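Using the hints provided, position chains B and C relative to the given structure of chain A.
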Amino acid sequence: MELSGTLLAIVLFAPLVAFLIQILLVGRWVRGPRVAGAVVSLLGVGVPFFLVLVGVVPHLFEPTAVLWVPQAPLRWIDLGPLSFQVGLMVDNTTKVLLFMVTLVCLMIHLFSVEYMKVRDGEPEPYYSRFFAYLSLFTFAMILLTLSDNLLTLFIGWELMGLCSYLLIGFYYERKSAQDAAIKAFLTTRVGDVLLLIGLAIVWASVGSLRLPEVAQGVQAGAIKGWLLTLAGLFLFAGAVGKSAQFPLHTWLPDAMEGPTPVSALIHAATMVAAGVYLAARMLQVGLFDERTLLVVAYVGGFTALFAASIALVQTDIKRVLAYSTVSQLGYMMLAVGVGNYTAALFHLLTHAFFKACLFLGSGSVIHALHEAFHRHHLHADAQDMRNMGGLRRRMPLTFGTFLIATLAISGIPLTAGFLSKDAILAGSLAYVLEHPQHLMLAVFGFIAAAMTAFYMFRLVFWTFAGTPGGRALGPEADAVRGALAEVRESSWVMTVPLAVLAFFALWIFWSLHPASEGWIAEVLSGAEGWLPEAAHRAEAHGHGPASVHLWTMVLSVGLALLGVLVAALFYLYRRWSTERFAQGQFARVLEAKYGLDALYDWAFVRNAHRLSQWSGRFDLRVIDGAVNGLAYLVVGARHSFTWVTGAIDRYVVDGAVNGVAWLLRQLGAGFRQLQTGYIQGYLLVVFSGLVALAFLISAAFR
Amino acid sequence: MITLTHYLAVSSLLFVFGMFAVLTRRNAIAMLMGVELILNAANLNFVAFSKYVLGGVLGQVVGLFVIVLAAAEAAIALAIILDIYQELATINPDETTELKG
Amino acid sequence: MEAVVFYLLAGVAVVFAGVVVTTRNVVHAAFALMVSLGAVAGFYVLLDADFLAVIQLLVYVGGILVLVLFGVMMTSGRLIMQLRAPVGQLLPATFVGLILLGFLLHVGRSELPNNRTLVFEDSDGETARRVARLLRELGAESARLQSETARVVLTFQGAGPLRPEAVRDARRAVERGLQAARPSSSRLYVIQVQEVWGAPERLQIALERKGTPASDGMAPLDPSRIAEILQPLSPREDLRLIAVQGLRAVRVQGLSEAVYRRLREDPALRVLTPLSTTAGLGDALMLGEFLLPFEVAGLILLVALMGAAIIARKGITP
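Residue numbers (the numbering used here), protein chains in the order written: chain A, 681 to 1382; chain B, 270 to 370; chain C, 381 to 698.
FYI, nobody ran anything at the bench for these hints, they're computed from the structure. Fair warning: there could be bad hints in the mix.
Example chain A residues on the side facing chain C (calculated, C-beta under 10 angstroms, incomplete) [said to hold, decoys possible]:
id, residue
1, V1180
2, Q1346
3, S1368
As the structure is a prediction and not an experimental result, all values here were calculated from the model. A virtual CB, placed ideally from N, CA and C, is assigned to each residue, including glycine.
Next comes chain A alone, as it looks inside the complex (with noise of 0.2 angstroms):
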């Protein structure tokens, strides 16, 4: 089927037309099974996966110009000289995020059916409210996607910003949970402010923001020199923010107290992946210099190595994940700081995958456990990774796909994760050798690499090797031993997804060859039809030559495969006791991750709250204190003048006294109203800015 904008609409609109149905209709007006909701949402994003795979999967694996661009753009906010333009554009960037946004949001629709059916033992009295705001995720993410301009960029940034408050603080009774939310949407909001003045930059300066327009506004140099850089880093600002890039990366592990699903769609196919897509387009239209790159590639690539670090003393199944998250989103952003955005966007791709397997496949895990401990009426934590152990033969299914997306995410050869990782630390590796200033960079990438093999395999091993239950701790441990017996594999509604990610996190959909990056990166790498010429020049780095590969391939197989095998040698083999380790200050520090959360909360929450409370007592005390001391004054000063004066002219002067008096203690308690509350002080306040703001007005135009 040809590409239409029929069609684009469509894909567009079509999780949105879920949302609606889902939010205004099912449960209050239209009655019947419970699955008839997810039915709906399902409907919402199979459609669009449908089209996608007919109108753009057969130009998929080939490099095109541009796949469809608009007649007209839409002129939406229309104010003569100044107006927005707005469209939909698929290119070679577009058509690989979207089949992998439609796939997995279809994956993680499926899976929840049945994960969200119970909680504690209850039918989940908000089903069709979870759905609905899973298909509006999803046509958040679409729109951004398919977007050829910044505006709807934004609009459909700022629109997840929302779902994933809504969706984190999915349990809202939970205290933890609606933190959480509330942290998640703050620390996110500081990058999107930051985002929009360098959108407030860009457009300024260059006049628009269509993407092709803003390339070609930077080809001509219409901003360049230190306000290029400006924008650039107040527009990496937000997808540090989105992106969850060391200083901002708490609010992602936190972000683990919403359902599982929602973790894999925020952590895989979209949110987080907003923030790439981001940096990676800018660097394609060039509104990021030399200056910003290198600020790109330092955050990332720190961000890869300290999140590895914190993962490695996590216990929580789902926080290793999330922190695995922000360590894999790391390497991205370093790929994008050395140019490389083909590495960037591929491994975007293939994490999107993997992780949204791993997500699940913990979600499947936490699912069946949860249940088992239902049934024994048991309290014990169901995502703590000492309360598991042994599920291998138990849940065959869910340990084979969580094995295959655990060697993708380690790098292990024959998986996309070894294609993708191997991209970005090759690039990274060929950017050092030709600044050898900049070494720490590819020090980063190796390190977190053996890291990351490491706490993914303590995760595997502690979660399905070994004897059941054979860590768990405190008065319940035995009760945790009987009830993982019974542990039982989810349906096939839960595996089938898993099934289908673990496909796609290996080697042979990416490229035949299992060393080396296929069509792939052909088509990431292909020339953008809508960018002037020149623009290309960056991807002029990140190859180097082939020795460099070659070289890359060996060290981190290697270091992959060491990482394996000390987490075996701990955990699986129990060759190496971690106790030692465990009592050290390190661990420690690694624990309370490094203190940052402590930090943020004694110099943001504390204070804020503190400002507040001072603010308020200011009002109260300073202000009204001010007005009723006037009163006072007046009144004692009218006492003293009396007074002085005497008996003469005491009717005269008193009583123009009084009347003054009377006056101001009128007037003051007029103006104590309009600090306390009543509307008409406040109406009063009003007119009279009114008054002047006309004064002024027909001052200026005189």
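Here is chains B and C on its own, set in the frame of chain A:
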């Protein structure tokens, strides 16, 4: 000969009366009446300018929208006033100081 | 005559607005408001906004005031209540009010830019000369004078007294004819159907350009061109187009207030009163550029009423 200035004078008076009502009445419904006066003053200006300066029906279209929105506003405002009355048993704006800091 | 009506309405509107502000009885205030708003409806009639006047009466006097009275009934046991504010509140309010009033009156009095427009009937070409001479005498060099066909009247002849369907078909046929001649051109015209007094088998359809002719860059109306477009047209078998007349007119633009007044009062000149603005309003709202805002406004009203019902329902607040 009636000119635009005459209409502007009348609408100014209506506006100021409306503003005065909003600022001084001790009953939320009477304040609402003041708001209606203000809206009508603005509307009168639109229509008068439409006839005397611009020509065409633009001013009348805007005027129609203002009437529609005034109706919506009155409905909502009265509902809120009823709610406040049920809650606090008064609609005197001086006694409804829940916003007090 | 216009002046008498105006001053009467102005007196009523202002005096009763004063009552709204000063009375101690809420019900009295409501009724005074009704009278004041009714007077505003009268102003709308004076300003050629008949439709708006009717809507004003329907919505305000019929709708909002009843709502207000219900509100009064439901929120107070007694009708007379202390409405008057303490001096501390009256003083600043009066102060701000007086400043605002002075400012508004001052602005209203000040000179408007020279942008008034007048259109005079000009059947013999004599008017154009007279207007030009007057403009010279008054020293209004900046005014622009333009002779044009301001209106075209199509006359249809039927077999017998015309039925409503015939009228409707005739109007639709004219719209289609214009549309066929130039896409979207039917939106450029105000189309009005007029009955011919004393001749029930006849029908006149008047066409007038919307806005100023220069605004869309299209040539002004030309009767021969219109006749050419519409001649093959026969809306019904029993209805024929028998005549196309153009009404010549002089359009004077860029007049200052004084010149405008002088020209308008000249007894030898006949101001061309535009076709009913009600039809123009309908066009603008239902067919023209305001269709979407109109629908949105309707939607807002609906949502507001539903919201009001929900808010006012008892026990909604915890």
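Next on the checklist: For each hint given before, does the structure comply? Return the numbers of the non-compliant ones in rising order.
Outcome noted: 1
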